[in-house]
Amino acid sequence: MTTQELSELKAKVATCCRMLYHTGLAPDYQGHASARVPGKDLVLIKARGDIAGSLGDTRPEHIVTVDLERQLLEGAPGLAQPWETALHTEIYKARPDVGAVIHTHQLMTMAFGLAGQDILPVWGQWKPALVAEPMPTFDSPDLVDTPEVGAAVARALGTHWACHLRAHGVVIAGETIEDAFENAISLEKLATLQYMAMQIGTPRPFSKEHLERNKTHRFSAMPTWNFYARQVPLSE
759 MTTQELSELK
769 AKVATCCRML
779 YHTGLAPDYQ
789 GHASARVPGK
799 DLVLIKARGD
809 IAGSLGDTRP
819 EHIVTVDLER
829 QLLEGAPGLA
839 QPWETALHTE
849 IYKARPDVGA
859 VIHTHQLMTM
869 AFGLAGQDIL
879 PVWGQWKPAL
889 VAEPMPTFDS
899 PDLVDTPEVG
909 AAVARALGTH
919 WACHLRAHGV
929 VIAGETIEDA
939 FENAISLEKL
949 ATLQYMAMQI
959 GTPRPFSKEH
969 LERNKTHRFS
979 AMPTWNFYAR
989 QVPLSE
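Every letter in the sequence shown is one number past the one before it in the working numbering, and letter 81, counting from 1, is 839.
Hints may contain errors.
Said to hold, decoys possible - Label-pair restraints from in silico Cβ distances:
1. Asp799 / Ala869: 49 to 55 angstroms
2. Leu969 / Ala769: 32 to 38 angstroms
3. Glu827 / Leu872: 15 to 21 angstroms
4. Asp825 / Ile958: 16 to 22 angstroms
5. Thr760 / Leu969: 36 to 42 angstroms
As the list claims (entries may be wrong) - Straight line, CA to CA, 20 angstroms or less: simulated EDC-like cross-link-like pairs of lysine to aspartate or glutamate:
6. Lys947 / Asp903
7. Lys947 / Asp876
8. Lys947 / Glu906
9. Lys851 / Glu906
10. Lys798 / Asp876
11. Lys851 / Asp799
12. Lys851 / Asp876
13. Lys966 / Glu891
14. Lys851 / Glu827
15. Lys851 / Glu766
16. Lys947 / Glu891
17. Lys798 / Glu933
18. Lys966 / Asp876
19. Lys851 / Glu891
20. Lys851 / Asp825
21. Lys798 / Glu832
22. Lys798 / Asp825
Don't read these hints as lab results, they were simulated from the structure. Fair warning: this is a prediction, and the values are worked out from it, not measured in the lab. For each residue, glycine too, the CB sits at the ideal point set by N, CA and C.
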C-alpha cells in the first residue's frame, strides 16, 4: 500500500466515525471504527484522548496505527489506542476476510439484544441476509479490553458479520470500511422497522428460500457510503 493509499484509508476511517455520529449510531464520544491495512498486520483505529473529541469531530489525524498485538506504532502526541483495541485486533486475527470493524452502542439494535429477540430479515433494501441467521451474543457486559476477552468475542462472532455484546453494545465487521458501515446502519434500520411493525402486529420475515435465492446477489456498499459521506463534511 502506497503512502497515498494509506492516507486515503485513514481518511475513510475518520469519515466512518463522523457518519456513525451523524446517523445516530454512535451519538457521542463512545464507539470506534478501524480498518486493516491490506497486506500487513496493522490496523488504523479511532484514537482516544482529549484532543480526539467526539466521533463527530474525527479527523484523519485522530486515527492511530497499531499492530495486531495492540502496540501503538504511530499517532499524534496526546493520542492513544482505545481501551477496547483488542475487540478489533482479535477479530482481525480470527477472520482474514474482515477488513474493517465497528463498535457502537446503537440503541435499537441493542434493545433487541437485551430483550433476547432476534432481528429479522424484514426489509429488502437494508441487507436482510445479515440476519438470515440469528445474530450471536457475547454474554458479558464487560469492556473488551484484553486479548483473551477479544478472542472470546471473535469466537462468538464466528462467521457472522455482527454480534451483540450483552448490555454493552454491538460489534460489526465488513470486508471493507464501506461494507462495515453499511452493515451497521442496516442492522439499525432492520431493527427499527421490525420494532415499529411489532406495535401493529406480527412482522413477517423473508423466507429462508427467498434469502437463499438472493444470497449470491451482492450489491456495492458505495451508494450508501457516498450518500452519508456527503452529509458529513469535515468539521472546521
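Status of the hints after comparison with the structure:
As the Cβ distance of Asp799 to Ala869 is approximately 36 angstroms, the hint placing it in 49 to 55 angstroms is violated. Taken as a hint, the range 32 to 38 angstroms holds for the pair Leu969 and Ala769, whose Cβ atoms sit roughly 35 angstroms apart. In this structure the hint that Glu827 and Leu872 lie 15 to 21 angstroms apart at CB is violated, the actual value being about 33 angstroms. Here the CB-CB span from Asp825 to Ile958 is close to 50 angstroms, at odds with the stated 16 to 22 angstroms.
For Thr760 paired with Leu969, a C-beta distance near 39 angstroms keeps the hint of 36 to 42 angstroms intact. For the suggested pair Lys947 and Asp903, the alpha carbons sit about 29 angstroms apart, so the restraint of at most 20 angstroms is broken. Our distance criterion of 20 angstroms between C-alpha atoms is met by Lys947 and Asp876, whose separation comes to about 14 angstroms. Restraint check: the Cα-Cα separation between Lys947 and Glu906 comes to about 32 angstroms, which exceeds 20 angstroms; the hinted pair is violated.
For the proposed pair Lys851 and Glu906, the alpha carbon gap of about 12 angstroms is at most 20 angstroms, so the pair holds. Pair hint Lys798 plus Asp876 does not hold up; C-alpha atoms about 36 angstroms apart against a cutoff of 20 angstroms. This hinted pair checks out: Lys851 and Asp799 have alpha carbons roughly 9 angstroms apart, not beyond 20 angstroms. Between Lys851 and Asp876 the alpha-carbon distance is near 27 angstroms, which puts this suggested pair outside the 20 angstroms criterion.
Under the criterion of a C-alpha separation no larger than 20 angstroms, the hint pairing Lys966 with Glu891 is consistent with the structure, at around 9 angstroms. Taking the CA atoms of Lys851 and Glu827, the gap is near 10 angstroms; set against the 20 angstroms cutoff, the hint holds. Our distance criterion of 20 angstroms between C-alpha atoms is broken by Lys851 and Glu766, whose separation comes to about 23 angstroms. For a cut-off of 20 angstroms, the pair hint linking Lys947 to Glu891 stands: about 17 angstroms separates their Cα positions.
For the suggested pair Lys798 and Glu933, the alpha carbons sit about 15 angstroms apart, so the restraint of at most 20 angstroms is met. For the hint pairing Lys966 with Asp876, the CA-to-CA distance comes to about 15 angstroms; that is within 20 angstroms, so the pair holds. Distance restraint check for Lys851 and Glu891: the Cα-Cα separation of roughly 23 angstroms exceeds the 20 angstroms cut-off, and the hinted pair is therefore not satisfied. The suggested pairing of Lys851 with Asp825 holds, with an alpha-carbon distance near 11 angstroms, which does not exceed 20 angstroms.
Of the pairs offered as hints, the one joining Lys798 and Glu832 holds, with about 15 angstroms between alpha carbons and a cut-off of 20 angstroms not exceeded. Annotation: proposed proximity of Lys798 to Asp825 holds, straight-line Cα distance about 9 angstroms (limit 20 angstroms).
Consistency with the previously given hints fails for numbers 1, 3, 4, 6, 8, 10, 12, 15 and 19, ordered from lowest to highest.
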